[in-house]
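Participant: The listed protein sequences derive, respectively, from chains H and P.
Taking the working numbering as reference, the numbering of the first sequence is continuous, increasing by one, and the terminal residue is 519.
Taking the working numbering as reference, the numbering of the second sequence is continuous, increasing by one, and the terminal residue is 1038.
Hints are computed from structural coordinates only; laboratory data are not their basis.
Be careful, since some hints might not be right.
What the hints assert, rightly or not - Cβ pair distances, simulated, as ranges:
1. SER851/P - ASP425/H: 54 to 64 Å
2. GLY822/P - MET1/H: 48 to 58 Å
3. ARG236/H - ALA859/P: 35 to 45 Å
4. ASN839/P - ASN432/H: 53 to 63 Å
5. CYS894/P - SER47/H: 43 to 53 Å
6. THR58/H - SER793/P: 33 to 43 Å
7. ARG574/P - ASP40/H: 51 to 61 Å
8. SER640/P - MET1/H: 50 to 60 Å
9. SER399/H - ARG574/P: 29 to 39 Å
10. PRO492/H - ALA859/P: 32 to 42 Å
Unchecked claim - So, partial list: chain H residues that the calculated Cβ filter (under 10 Å) puts toward chain P:
11. VAL36
12. ILE133
13. PRO214
14. VAL359
15. THR413
16. ALA420
17. ASN443
18. PRO463
19. PHE470
20. ARG481
21. TYR488
22. VAL491
Where is the CB? At the ideal position from N, CA and C, for every residue including glycine.
The primary structure of each chain is shown beneath.
2 protein chains.
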Amino acid sequence: MEQVLIDGSWVSANAVDGYQAINPRLDEALEREFPVSSWDDCDRALSAALRASSRLETTEPEQIANFLVRYANYLSENAAVICQTAAEETALPLSPRLIDVEMPRTVDQLLQAADCARSESWRQTTIDHDAGIASCRGSVGPVLIFGPNNFPLAFNAISGSDFASAIAAGNPVIARGHPSHPGTTKLLAEHAARAASDAGLPSGTVQLIYGMCPEDGLRMVQDPRTAAIGFTGSRRAGMMLKTAADEVGKPIYLEMSSVNPVFILPTALNARGSSIAEALASSITMGAGQFCTCPNLFVLPAGSDAERFLRSVAAQLTANPSGSLLSKQVLSHLQESVAALLTAGAESVCGGVPMSETVNAFENTLLRVASDTFCAAAGRLQTEAFGPVSLAVLVSDHSGWQQIAQRLDGTLTASFYADAPEDDDLYSEIYNLMRRKSGRIINDKMPTGVTVSPAMNHGGPFPATGHPGFTAVGLPAAIQRFTKLDCYDNVPTARLPQCIRHRRDHEPYTADSSECSEV
Amino acid sequence: MEQVLIDGSWVSANAVDGYQAINPRLDEALEREFPVSSWDDCDRALSAALRASSRLETTEPEQIANFLVRYANYLSENAAVICQTAAEETALPLSPRLIDVEMPRTVDQLLQAADCARSESWRQTTIDHDAGIASCRGSVGPVLIFGPNNFPLAFNAISGSDFASAIAAGNPVIARGHPSHPGTTKLLAEHAARAASDAGLPSGTVQLIYGMCPEDGLRMVQDPRTAAIGFTGSRRAGMMLKTAADEVGKPIYLEMSSVNPVFILPTALNARGSSIAEALASSITMGAGQFCTCPNLFVLPAGSDAERFLRSVAAQLTANPSGSLLSKQVLSHLQESVAALLTAGAESVCGGVPMSETVNAFENTLLRVASDTFCAAAGRLQTEAFGPVSLAVLVSDHSGWQQIAQRLDGTLTASFYADAPEDDDLYSEIYNLMRRKSGRIINDKMPTGVTVSPAMNHGGPFPATGHPGFTAVGLPAAIQRFTKLDCYDNVPTARLPQCIRHRRDHEPYTADSSECSEV
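From just these sequences and the hints, can you work out the full model?
Facilitator: In structure tokens, the structure reads:
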């Protein structure tokens, strides 16, 4: 049985159960066994995180930055072994996906977080000299992170965006590794632990548990030692954690499900349907559709252009068969979702069943529905389908566009293919409805690219996430989630945090000593 | 029966019930009757707000600023009548409290919001030229505001900080006036409606309902047309709204209860106990203790200095009898709270019962408890006591300070009286625990002053509020709550919002037209 990382040491888990990762391409269990920890492990990790949290208060930003840089370097140096393990556990292609794209992105994200930690750009220091008040963002405390199955590196609970964001603000992290790729997570954690020790960070800064009973997960969320939670995954699991966190008023940042609608407007469809069809088919099948920004729904005007477009998309989906999904569970959930969509009124254009020749794979699937039918069952026709599946909604009259947009749930992205000036009025009508429902408005691109940029929003209104004001990708913005607002009123210099004292050197901060005044 | 303000007109309510405000000084019902609206009124207001919300998208910031300035001016011109009504309905002193302090603060807050609306300083525009991505904050949509009983002007749902913040970001507001001062709210709403009409704002931008059944309140919170909720009031009511909002993943900003601990350290107590006692007594009795920042708990070292201090506080509390509370309900809740504190182990030093000579008044009350007793029943000894009541916690050994701090709930403020260098080590120990639990760290001042400053945090961890990252006072920071993060990826200039286009004039924004790339 593999060991867990608690309080700076690899120790035997107090396990209530164990599990093996499965190679989804072969449907075979991999050799090593990973523990499902008892509450005892969770409890020890929480106490160690709380101790680390206090010590991190007085840790220099430079030291946190050093950790992140060292960790990034270890990952670069050991990329081949880590990506090999990830490929085995997830069936994601080693190249280009894991080694050429996801690992460099992960390393870059850690380095960007190091820059933010060093510059403290996330602090948002505000000083009111006249009033003698200063505020800044400060660490929130121990952060519990639940990583997803679909990005074993860039969103891994111990190396991804949530991790990098939480650490940059001086918070310890308890990572709950995803059971679909524990071997990858273990390798990452070994490098993280080594880098944390090199950098002299408190021993409980980076911890790893491979799993716990669902009730212990909820108990950890509600435990007073946990300050905030990050979660990326399914709506069902996310909502359980959200309910637990909400009950005790704890910040939880969720990235759940999103259909990422693509609106293809009449003139654009007519003028460049063929290239849009190519982009769409490629976006649907990227990572076997297991992207949170997969375009699971697109809207286009009914007619001969649309029929030609659908034939083209279907031909490309059929010609480029999907690989194995991340797990047998992903496959069975996908089958259930497609069945639900069909029951709700969608019709199959191509695909729709598991592949016979490939293990744990589902045929690339195109479904279609008329706008009236969509509007009549919009909730059920937005059922989360995590995999290479997309639903075309065909609009037969002008009012249909708005009716569809009105019925869409909150989503990470809304993409538009619209040609100026012919499509401009319709663009405005739909955009005016979709801006409030989407985190990111995209033109002439599919949603599956999420650049790590300070301007990125990988977020959006519920149920895409739990709050429309935060992003999970893009630094320093994503750090915001794992901070609290700290205010210092009439506090003398020697007792102010460094980030405010440093500002003082330039602009004198005057603590006024007046006693309380009404209002 | 008074009329409600829906979609720009004063109209007869579709009422299910009616109520009269009570003059709490006389315990007499005031003449006018105000409606409790049916769902029909709520539904019409929500639809009008949604329509206004769309129109506000294309309203110039200058026009919103004009509204706020005109409204502020109308309030200044009509301050005497409004404050007279507020004094009658709330028993708060006309002068200085209402006319000299709260009204000018309200006017100033509206003018500051006008500046923010005009400058769009709340937008936080971020442009990544290389990636062709830009983001900014945008309006969130219709905001439902529940105002409190204790600040009939500065936190009124139709004139206070939540209102000004929501409007500044281009959101329509449905105000639910507090039933303890409906006449005041009506006067404010008349000026707001006139200013909105003068400024040519969409008709549903400012609406007022005097009350609805609790189930209709919860239904409004969950209605898809509501985008966000602001609430200031009791923990009980706040938690009901929070549960409703959380179920549907809707942002809700709550300001609930807070004990606002004051730590008086040994050297400071010895050196200046007498002036601290004076400041404390004055802070406890301010507004008859009906401040969200009232110091309901203070901690000091047991011994002869403490006994002298408590005698001094008690003498001042007894010598300056409290006035009438805001309502009979406030009085009865306060009686229950004091009874609960006594049952949990607190002992009475002075006060503790309703006043015989003044209607709806409670004696200024000082309670005391030993630190061991406090630690054994810390939850019950932090029972919300909204009124002129404070609990002294006497620490008999050094470890007691940390044990108390560890057991305190999230709070708006934590105040310290600590003399350098003697009290510095103890200050650090307590501060290290309290920073995470408090929105504002105060030195040598009582918590009852909340300056409207960009650096202010009137917020704090649960249960003081619902999220430790937001403030309810201080602009532009408070506006943040009523925005969402909007991102524009590869969007051509003509389709970008003005705030990003304006930035373009200075720094070219390049929308890159590359198609989707993996990750």
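Participant: Could you run down the list of hints and mark each one as holding or not?
Facilitator: Checked hints:
1. SER851/P - ASP425/H: 54 to 64 Å: holds, 60 Å
2. GLY822/P - MET1/H: 48 to 58 Å: holds, 56 Å
3. ARG236/H - ALA859/P: 35 to 45 Å: Holds, since ARG236/H and ALA859/P (Cβ atoms, about 40 Å apart) stay within the stated range.
4. ASN839/P - ASN432/H: 53 to 63 Å: holds, 57 Å
5. CYS894/P - SER47/H: 43 to 53 Å: Roughly 19 Å apart at Cβ, these two residues miss the hinted range, so it is violated.
6. THR58/H - SER793/P: 33 to 43 Å: Holds: the Cβ-Cβ distance is about 35 Å, inside 33 to 43 Å.
7. ARG574/P - ASP40/H: 51 to 61 Å: Distance hint for ARG574/P, ASP40/H holds at roughly 59 Å.
8. SER640/P - MET1/H: 50 to 60 Å: holds, 56 Å
9. SER399/H - ARG574/P: 29 to 39 Å: violated, 20 Å
10. PRO492/H - ALA859/P: 32 to 42 Å: holds, 38 Å
11. VAL36: Not OK, violated: VAL36/H not within 10 Å of chain P, min 29 Å.
12. ILE133: With a closest approach of 4 Å, the ILE133/H hint holds.
13. PRO214: With a closest approach of 20 Å, the PRO214/H hint is violated.
14. VAL359: violated, 23 Å
15. THR413: Given a least distance of 8 Å, the restraint on THR413/H holds.
16. ALA420: holds, 7 Å
17. ASN443: Holds, about 5 Å.
18. PRO463: Since chain P brings a Cβ to about 6 Å from PRO463/H, closer than 10 Å, the hint holds.
19. PHE470: Given a least distance of 7 Å, the restraint on PHE470/H holds.
20. ARG481: OK, holds: ARG481/H within 10 Å of chain P, min 8 Å.
21. TYR488: holds, 5 Å
22. VAL491: holds, 5 Å
Violated hints, listed in ascending order, are 5, 9, 11, 13 and 14; each of the other numbered hints is respected by the structure.
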